[in-house]
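Colleague: Taking the hints as your guide, dock the two standalone chains into a single complex.
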Amino acid sequence: MSSFADLLDRFFYRPDEEVGPYLELAPQTDRAQDPVPEEEPEEFLAFMLEGETYAVPIGAVREILKISDVTEIPRSKKNLIGLINVRGEMLPLYDVKVRLRLAETIPTVRTSKDVARSARVVILRDPEGDAGVLVDRVDGVVKLQLSRLEEAPQLGIDRNAIAGLGRRDDLLFILLDVEQALS
Amino acid sequence: MAPRALTDFVAEATEILDTLDRELMALEERGSGDPDPDRLNAIFRASHSLKGLSAMFGLEGLARLSHRAEDLLDALRLGKVHLDDTLLEALSQTVDVLHAMLGEAARGEDTADVKERAEVVSAELRRLARGQAVESGDVLDAIGIDPSVRAVFTEYEEHRLRENVKKGVGLWKVRAVFGLDDFDTRLTELNRALKPLGEVVSTLPSSQPGDDASIAFDLIFGSGRDREEIQGALIEGSSLSPLGRVPVPPPSVPLPTNLPPKKAPVWDDVSVSGPALTPISSSGSGISSSPSGLTRLSGGAPVETSMRSLTNTVRVDIGRLDGLMNSIGELLLIRSNIERLAEAARQTQGTALPKLWGQELQREARSLERRLDELQKGVLEVRMVPLGQVFDKLARLMRRLVKESGKDIAFDVSGGDVELDKLIVEELSDPLMHLLRNALDHGVEQPEQRQARGKSGRATIGLVARQQGNHVIIEVKDDGNGLDEARIREVAIERGLVTRDQTEEMERRELLNLVFQPGFSTRRDVSELSGRGVGLDVVKTNLQRLSGLIDIESRRAQGTTFTLTLPLTLAIIRALMVSVSGRTYAIPLNSVLEIVQIRTDALKTIEKREVIEVRGQTLPFIRLARVFGLPEEPRVAHYVVLVGLAQQRLGLAIDDLLGQQDIVTKPLSGRLRGIPGIAGATELGDRRAVLVLDVGALMEELMRATPTSTRDSA
Numbered sequence: 000m001s002s003f004a005d006l007l008d009r010f011f012y013r014p015d016e017e018v019g020p021y022l023e024l025a026p027q028t029d030r031a032q033d034p035v036p037e038e039e040p041e042e043f044l045a046f047m048l049e050g051e052t053y054a055v056p057i058g059a060v061r062e063i064l065k066i067s068d069v070t071e072i073p074r075s076k077k078n079l080i081g082l083i084n085v086r087g088e089m090l091p092l093y094d095v096k097v098r099l100r101l102a103e104t105i106p107t108v109r110t111s112k113d114v115a116r117s118a119r120v121v122i123l124r125d126p127e128g129d130a131g132v133l134v135d136r137v138d139g140v141v142k143l144q145l146s147r148l149e150e151a152p153q154l155g156i157d158r159n160a161i162a163g164l165g166r167r168d169d170l171l172f173i174l175l176d177v178e179q180a181l182s
Numbered sequence: 000m001a002p003r004a005l006t007d008f009v010a011e012a013t014e015i016l017d018t019l020d021r022e023l024m025a026l027e028e029r030g031s032g033d034p035d036p037d038r039l040n041a042i043f044r045a046s047h048s049l050k051g052l053s054a055m056f057g058l059e060g061l062a063r064l065s066h067r068a069e070d071l072l073d074a075l076r077l078g079k080v081h082l083d084d085t086l087l088e089a090l091s092q093t094v095d096v097l098h099a100m101l102g103e104a105a106r107g108e109d110t111a112d113v114k115e116r117a118e119v120v121s122a123e124l125r126r127l128a129r130g131q132a133v134e135s136g137d138v139l140d141a142i143g144i145d146p147s148v149r150a151v152f153t154e155y156e157e158h159r160l161r162e163n164v165k166k167g168v169g170l171w172k173v174r175a176v177f178g179l180d181d182f183d184t185r186l187t188e189l190n191r192a193l194k195p196l197g198e199v200v201s202t203l204p205s206s207q208p209g210d211d212a213s214i215a216f217d218l219i220f221g222s223g224r225d226r227e228e229i230q231g232a233l234i235e236g237s238s239l240s241p242l243g244r245v246p247v248p249p250p251s252v253p254l255p256t257n258l259p260p261k262k263a264p265v266w267d268d269v270s271v272s273g274p275a276l277t278p279i280s281s282s283g284s285g286i287s288s289s290p291s292g293l294t295r296l297s298g299g300a301p302v303e304t305s306m307r308s309l310t311n312t313v314r315v316d317i318g319r320l321d322g323l324m325n326s327i328g329e330l331l332l333i334r335s336n337i338e339r340l341a342e343a344a345r346q347t348q349g350t351a352l353p354k355l356w357g358q359e360l361q362r363e364a365r366s367l368e369r370r371l372d373e374l375q376k377g378v379l380e381v382r383m384v385p386l387g388q389v390f391d392k393l394a395r396l397m398r399r400l401v402k403e404s405g406k407d408i409a410f411d412v413s414g415g416d417v418e419l420d421k422l423i424v425e426e427l428s429d430p431l432m433h434l435l436r437n438a439l440d441h442g443v444e445q446p447e448q449r450q451a452r453g454k455s456g457r458a459t460i461g462l463v464a465r466q467q468g469n470h471v472i473i474e475v476k477d478d479g480n481g482l483d484e485a486r487i488r489e490v491a492i493e494r495g496l497v498t499r500d501q502t503e504e505m506e507r508r509e510l511l512n513l514v515f516q517p518g519f520s521t522r523r524d525v526s527e528l529s530g531r532g533v534g535l536d537v538v539k540t541n542l543q544r545l546s547g548l549i550d551i552e553s554r555r556a557q558g559t560t561f562t563l564t565l566p567l568t569l570a571i572i573r574a575l576m577v578s579v580s581g582r583t584y585a586i587p588l589n590s591v592l593e594i595v596q597i598r599t600d601a602l603k604t605i606e607k608r609e610v611i612e613v614r615g616q617t618l619p620f621i622r623l624a625r626v627f628g629l630p631e632e633p634r635v636a637h638y639v640v641l642v643g644l645a646q647q648r649l650g651l652a653i654d655d656l657l658g659q660q661d662i663v664t665k666p667l668s669g670r671l672r673g674i675p676g677i678a679g680a681t682e683l684g685d686r687r688a689v690l691v692l693d694v695g696a697l698m699e700e701l702m703r704a705t706p707t708s709t710r711d712s713a
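So the sequence lines, in the order shown, correspond to chains H and Y. Numbering that gives the first Met the number 0 applies: residue 0 is where the first sequence begins, and numbers increase by one. Numbering that gives the first Met the number 0 applies: residue 0 is where the second sequence begins, and numbers increase by one.
Isolated chain Y, as found in the complex (with noise of 0.2 Å):
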């Protein structure tokens, strides 16, 4: 396979399985018993489109357990098994086999594990489809409906009419006549609008067709609610009547076993990304009634269900979004000068001419200062993405690896709907299984000690997301243990992280950052799960890289939180722009804290090192002219700016600040790579190029020596 075709295709199949994943969460949240028939096709359709897909490809593995899980789904849909608890876990482990098919396919592997899984998994799937009998003697029969309606009926929608029967509700004809030109969206509207009455069963072409210009439906509709309701949601050009119930003589009633073997033709055979045949299209009798319909209703009108809105989504590489903000960074700076060079004209002595069109160029120029704002406001929407697409794969493993513990555990996930950029989306994912781990391994209690603390039995792990002005919160939080800082203590001195001197000096909060350190783990036993000591300083290099905070708060048995705080997107920055002895650096704004002036008799110093102290915390005083080797003059007082990555911070000296500007950052390449502290450049109005500074490198560089935080060597 091409690789583009490769990557295209594991895209498409990735997004399947993450509908899947969705769907089959909130089937189970509702419990076994009557599932939504909505979300059983929405399943149906996923482990469908994939099997087409994975066929398509090639993926032969993929397609046979996906086509296993279709046939289960199928006689779920039509009601010939129960959804119970066997089946909804079959289903979920098939998910999981298909993600790692999936996985393997992506990097071109094949293992015999993951086949033996798969080959589990598909023979439990066929036993269970084979499932239960049907329950002899068909209700339908004694309603009397229509033989040749009922002829076109799929046995799908054979299936609804049936249970709606049992359920014991009304059944309806809403005819429908519309308008030639615009009767696939009258009849989108009018299946909205009775959704909230009952089941719309199927959608039939109408055995008395309208006129030339009109095409005429019957819709079987089901509906606990009374006559006079239902008309209430009518749409213009929709009539209500009775269906059934009506005596019909039995004799002419062909049983369903004598109907011609019928299956959804949604279903079959239909290219993924084809228009929805319906069943209109596809019955005998129907057809032959309104033919000029038809050919229209052949041109992709869907009608019940339809495949065309399967996602409305389109997948774009991300690179190529990073091309088109570069090319707005450089807009915008067109932008500038074409500014600057207005206003120069216009403050031009002399003729009018230059003055006058210095007017007209500045007018111009605020316009397309306004289009690209709204340029660039609308590329970095593109790049969000909401964080459910994290949250949604987390809920799931922590679904399975609660199971697995054998702990009482209430997984809370709120925030999904919180948006951030794809990149920083997709590098989430691990941190936060790192610290949700944690938080199922080492913070939360076994039932009875929980008990014995006076905790409900049952513990509480939180995934929460909110945003908070330019920036997104989120928080990881348990009910359990809390951090033993005593432990911590000894651990980091065991290892060799800290000595016993320093943890003296040490606050309880700076004792709890340690475990970010790298080789730290409180629990002797290494689960299967975590505790494999790399977790913690996997999270702070990860959040590092993204330019995010973490901070841990704790309470001895009544839980912990961490706290990770990530800027909305890292394309376009926001930039603090400082000089330096007369030179201009750049200081990404997402790692500044805030401002402070210091007078320079205010300083103190710690074994020769400058501190300074800010609201009762001691932070590290670093000048930037010294770090940078730039020539410094005596001042009476500095500005600092206090930077904060991860959970460290520290002040820089600076000499002024010169305002905030965005800016896309250049990056050095060839032979300018690996200077220290420097992440790249940008260029400002005036085309000069001015360093932007890596607050993260340049506190590790600096954290380095100072004495409370050890760094690791290694």
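So here's chain H without its partners, still in its complex pose (with noise of 0.2 Å):
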């Protein structure tokens, strides 16, 4: 009976974690820290990559998927993982952490099994063509004040693909070029 409701699951299977509840919990989150009335923040998407902590602007967000079949596709470029099927649309499905020097190989994703459970694929909207970004967790919606970023510091490493950092009580939050991050 369970392997029924699994299959129920699969073949329903929808981006079962929309960015909408994630709306809903943000103004939750914010209520500690007092709003500074003369600037609205933005909303931003927070996700895990190795225990740091990034974030894309929530427009650029289409949908958040579990992982599903992965196909590999030869001779292409080397930070992408392989091509995924998103309700009959063919994405590719990118990693993002070599380039941000995370990790130093590209993992070898062909089905749910290969990643985490709390693994998730993010799909940003980009004029090029969307495309799915894989991450080790979503962690919800943030609201960060663009007045408020700093500049990432020179540490060395690659900084095209960081935007800049952005605080919340103690949390650091590393805000991605979607565009250079995919590149």
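A few of these clues could be false.
As the list claims (entries may be wrong) - Cut-off 27 Å, straight-line C-alpha distance, at most; resulting in silico cross-link-like pairs (DSSO-like, lysine-lysine): (1) H:65 <-> H:142; (2) Y:402 <-> H:65; (3) Y:406 <-> Y:376; (4) H:77 <-> H:112; (5) Y:392 <-> Y:402; (6) Y:665 <-> H:76; (7) H:65 <-> H:77; (8) H:77 <-> Y:665; (9) H:65 <-> H:76.
To be verified - Calculated Cβ distances over 10 Å to all of chain Y for the following chain H residues: (10) 52; (11) 70; (12) 101; (13) 116; (14) 136; (15) 148.
Keep in mind that the hints were calculated from the coordinates and are not lab data. Even glycine gets a Cβ: it sits at the ideal position worked out from N, Cα and C.
Modeller: Set out below in structure tokens:
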């Protein structure tokens, strides 16, 4: 019986973690901090990559998916993990960890078994064509004030892919430059 | 003009011009003399439609020229001028100019050159339309027809009646009384029955109307058959009586010149798509005699010639069909998912409920599958158009080219009824044109030379199509020179396409295939028609785009045949699913020639490249795993998929065959564009994305390195 339920689940699988629910959570995380009235904070989607918290503007996020089967594409660019089928649409799935020097090699991902249970695919909107990014965990939506963003420090890291740093309480959010990270 | 409206106009006008083309050609084939009135009418109607349409869209040039053509055709129809070669030529040129003008209109151009041509043709048409005067003395006067009947004839009908009298056939009046509810179909039926026996000159409302529930017609019918035979053809509700040949006092017959000037109302000021007016509703005396019937008639009952039935085709943008096709593809996937689900539910241990449920699901899935198959077939059929669409155009052009070339050539076309996907048919006209021009320019010799070779002075160029399974074979053949392989070799070396050493090893077939190399042309003088040296490689690339194959067969002094093999459709393709190092790939089946198994120890190498021998032919052996950089395991034997595109062949080594499947290829867009050797992806029943190989690109890439086929570096 459970396998049948599982099948049903797989068959009707959908963007099971739309951004929507996180939006509702967002104001609560915001309550502790007194808001600066003159500036509307921007919303970002926060996610984990190798223990660090990264964030992208919520407007750039199309949907969040659990990982399904990934088809490898021979002779493609190095940071491409493979091809995923999003309801009939064939989208590329990229790795950004190597670009951000968080990992040495591109992981081989073929099925959901190859990644941790918490891993998700964040589909980003992009004029060059929507693309998926594999992340370790999706944390939620965070509000950050653009005027308070810091520039990334010179740490010998590739700063091109980093748009800046955001702070909320004790948490550090590294803002990803989507275009750069995917190139 | 709104772009959309223009597109529609061009589509419709093209269709009309195509009809003109076809009918003119048929007319020409019959030669000069007595033209078939139906054919003439069709041509007249087409030019009239074109006039109306162009005027509506404000294209004055087109409207004016088609108006001139219409005038001439009207004169022809009414017997005022006679059909001869000059006239046919003028009409044929008119159609050419109309084509050119339409082309300009579509591109939004307006050149002086075309305008000038239009002027010339227009003047010629006008000159011809003035033509010969009608002979004096009206034969109709002699036979004596009731003046009230005669008064309602149109000028055209009178002309046809006169022609029938001249032919000396019997004239009959067929009285038909039909019920009001179905008189239009019955009348059509009657017309159809009479047609083989003679000519229905006119259909008039009867002067003796039937009862309230029916309507009566008099059909004026000219026929050489005897009474019994005509009687036998009549359908229920109709009766026969002789017309004319009864002496009538001459004074009571009004002279035709006294009649009010008439023109066939069918043709004038009727919108193209509107219901056809018939002589009945426009005629004077007929109307008053049966007013009740007429109100019905004006509701659009076609009596003799109806514009309504000009065409049975519906124009659909091919993009919309593609869209439909895609959704069918999606539906097919959902179907297989449901089936999988049903299967799983059926096999679940335990409670009976899901089991029953599963069975039911499965049954539903099966009926869904049946419907989907029908739908898929239906949409595919809608996309299919007869090759004749292209063949007719080519035949016209060839006729002109043959005339200009001064050679004596018979052009044989057959298989125009073979159907192919619209997209493919559209793409075919250029390659076929090139091949035909080549046959005309390079293939066929001058008559003297032919006779010296012991061949008939009249050469034959053939264009033949036939269906063979899932493919259509088109042959372009001539019985001329044949290809000169020595000359081909020299030119290829001269142009640096191959080295002399390489040609030493080449077989005749390979040598012949050199003509498909870019920049190749064996004739030095560049004729107006072809010989620009771009022909055959364009043919090759065009065909590759259509997943087609091309082959040459040629014998010195006996002729050349180009054989084109094309898939029936490109929308949903059948693919061979293969596995390589645990990955699944789809290879479009239309480029798969055969599958063989080769033992690893049977592999040979040439210059360190692996080759295999299949029935005496040595082919490159390419390990797909190696090309794609996938891990390889040593194996005793390989499956080899022999693929071919255009004139090239090679063997792709794969690990396993997984079967065949219909797939809808989705192109890889955006960031993934331009990945070598991958045409796109398709999803299988389990939602996995599977890559579809681009066999053409793979071959181009892999053959580039092989010694026998020097590739273009451009």
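Colleague: For this structure, which hints from the list above don't hold up?
Modeller: 2, 3 and 11
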